[in-house]
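Chemist: Given the coordinates of chain A, assemble chain B onto it according to the supplied hints.
Sequence lines, in order, name chains A and B.
Each residue of the first sequence is one higher than the one before, starting from 1 at the first, in UniProt numbering.
Each residue of the second sequence is one higher than the one before, starting from 1 at the first, in UniProt numbering.
I should point out that these hints are in silico values taken from the structure, not numbers from a laboratory.
Keep in mind that the hints are not guaranteed to be accurate.
If we take Cβ atoms under 10 Å as the criterion, some of the chain B residues that face chain A in the derived model are [stated by the list, open to error]: (1) Thr108; (2) Asp109; (3) Met111; (4) Cys112; (5) Pro114; (6) Asn117; (7) Gln123; (8) Arg125; (9) Phe127.
Which residues of chain B face chain A? A few of them, derived with a C-beta cut under 10 Å, are [as the list claims (entries may be wrong)]: (10) Asn105; (11) Val110; (12) Asn113; (13) Phe115; (14) Tyr116; (15) Ser124; (16) Ala126.
Built from N, CA and C at the ideal position, the CB exists for glycine as well.
Each chain, letter by letter, is given below.
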Amino acid sequence: MEVAAGGGCGTGPPLLLSDSEQQCYSELFARCAGAASGGPGPGPPEGTRVAPGTATAAAGPVADLFRASQLPPETLHQITELCGAKRVGYFGPTQFYVALKLIAAAQSGLPVRTESIKCELPLPRFGMSKSDGEIRFGNPAELHGKKVQIPYLPTEKNSHKRMDDEDKQESQSPTMSPLASPPSSPPHYQRVSLSHGYSKLRSSTEQMHPAPYETRQPIGQPEGSSSEGPGAKPLRRQASLIRSFSVERELQDNNSNYPDEPWRITEEQREYYVNQFRSLQPDPSSFISGSVAKNFFTKSKLSIPELSYIWELSDADCDGALTLPEFCAAFHLIVARKNGYPLPEGLPPTLQPEYLQAAFPKSKWECAIFDSYSESMPANQQPCDLNRMEKTSAKDMADFPVPTQDVTTGDDKQALKSTVNEPLPKDVAEDTATSKDCYSLKARPRSRSYSSTSIEETMKRGEDPPTPPPRPQKTHSRASSLDLNKVFQPSVPAANSGLLHAPPALPPRPCPTQSEPVSEADLHPQLNRAPSQAAESSPAKKDAIHAQPPSKPIRRKFRSENQTTENQEPAAAVGGAASAAMVKPHPTVQKQSSKQKKAIQTAIRKNKEANAVLARLNSELQQQLKEVHQERIALENQLEQLRPVTVL
Amino acid sequence: MAVCIAVIAKENYPLYIRSTPTENELKFHYMVHTSLDVVDEKISAMGKALVDQRELYLGLLYPTEDYKVYGYVTNSKVKFVMVVDSSNTALRDNEIRSMFRKLHNSYTDVMCNPFYNPGDRIQSRAFENMVTSMMIQVC
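Looking at chain A on its own, in the form it has when it is part of the complex:
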């Protein structure tokens, strides 16, 4: 369908538009007009005069559109003049179409003349920002139906940064063919966007391969979700990403995993994520709480719904906290999102926590991260470009928490810069060995401490209690004798070393042995004699082991409590013999072994005492049981007698 639009403005040249151009232009016009005023200009002008009252594209969106074409301002001025808008003062459909045609011409490198629009031209390319989401530009013939996602651009304050990035990108993309309009994207141009990268690559790789796009399609089909990426970073990353993909395509016609490639975490990324995790939570085996993670991820400047969705994907167990593999998965998703990949419907298999833990076992993380890194670098030939790309992306991520330094100087940003950026350049830019080593060093004792706390504690416990508790308990249960305490304290340190194993078993026993004889003295004095004697002798002996002089007061004490004088002499004799016998080993070097033996013997004795005591108890209880039985029988008899006898 051809449109002669010349009649509208009167002096404009006749405009011949192909179908695709027609579609494209009318769409653009509708958008520009619709965005501003109420009535878009529907359909092509049929060569009729365009009255000033009919649809016009407002200057604002039109200017935006033109700027988005990345043409130099002088060119744009020329175009606007030529198309007649300046003259008539507004952008009617004809002016707009002419302008678009001129833009296409300019982008193709033709001079901006009215003659140039007469020839067949490709569609003008725009990287445009639109507040209502995305604009799809299609040139089916050229672009294989690729759709361009146009992200929502942040403010223009980023211009400076973007300019640098733009330069960098151009320097980095030697593979771009000259047809990709580098002259039309001068650094001082302000609005740069993701689609620019797309368009560049598209035009360049048209000659090379359509294949790279096939790889992008399963992964990177731009969706309708509005993404808020700062323009510069995704652009640079995007270009390097795309380049690396295209290079890969050329290198190898690839294998099964390529749909997962953007979701694969490389070693370097892994290191970075682990370091970030550590900055939030020093213990790599523990988890980050939801609020901490929320604050951290909010700094990525993604929208809240997106972050919410990323959280949903990565928090596999839905516990409101992120373990290290979950955190790595979430971080990776954020990185991917900022690079322009749409979020997957489900967590990719390479990001599952089990996979991550299996692929990157803890030992690697904690100990030899640097070693593994150096190993993996030469090992991975295939994703070498990917690694390079990932490195750049990792470096980009070094700035991740502060994506647009120029833009906002909020306090939190500054704080973040100071806290995060210090370790970051250290980790990424410098030699990572030092930081890794110190981390690993810290990590190792940490891990050790986790596993061995119980052992250490039991060791400590084993050492402290041995001697003091039994004896003081003994004394307290019998009587409050301060002599014994004073007496035993000097002996305790001496006896500490040799009594590791025996003492923990001791404490409970002295109590029953002491209390029982006292309580049962009333019941079974005869039975008490022998066992209590044994009880006395053993504690006496035991006490005598540790100090000779205290044996005498002890013996005296026991005797007084038991009120059995006949025990005195045997106990005294035993104690004396024991003490005499024990004196000799004391000064000798074999003190400890003898003490150990005595400890064992006393333990044996105590066990025997305990057995005896329990036997006594048993017999008493049996007796009581018998008595109770008899009572019961008596009562039953009475009951039977009282009951009316009717048993038939």
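Modeler: Below, chain B alone, put in the same frame as chain A:
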């Protein structure tokens, strides 16, 4: 299979409401709104002393000619209301209970997300998928 599922916040505004698109959605919204009165009645009938022992599943709130409405309240006074087609007689009470339990679990997962502010509309994809699985499959 439910015809309409709604999640109502404590202050009686909807956090999430979804119904099968073929029907007039407004009708379902009204039904859910009126069912809130019945829910409140049931809650108050249990008495304040029994808050801990109060069962979460409220059962059939009220039947209409075409539909039955079931209710469920969580301990934080978030209400789930489900509208079921009356002609679907195969649905047992246990099935309704299990559906509410699934809803409750999904709701808990949504709450666990730190990016979700309580009181916002629920936009979780996992939640939506779960609800879709419970709604009548209309082809």
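Chemist: Look at each hint and say if it fits the structure.
Modeler: Comparing the hints with the structure gives:
| no. | hint | in the structure |
| --- | --- | --- |
| 1 | Thr108 | 8 Å, holds |
| 2 | Asp109 | 4 Å, holds |
| 3 | Met111 | 8 Å, holds |
| 4 | Cys112 | 4 Å, holds |
| 5 | Pro114 | 3 Å, holds |
| 6 | Asn117 | 9 Å, holds |
| 7 | Gln123 | 6 Å, holds |
| 8 | Arg125 | 6 Å, holds |
| 9 | Phe127 | 9 Å, holds |
| 10 | Asn105 | 9 Å, holds |
| 11 | Val110 | 8 Å, holds |
| 12 | Asn113 | 5 Å, holds |
| 13 | Phe115 | 4 Å, holds |
| 14 | Tyr116 | 6 Å, holds |
| 15 | Ser124 | 6 Å, holds |
| 16 | Ala126 | 6 Å, holds |
The structure shown violates none of the earlier numbered hints.
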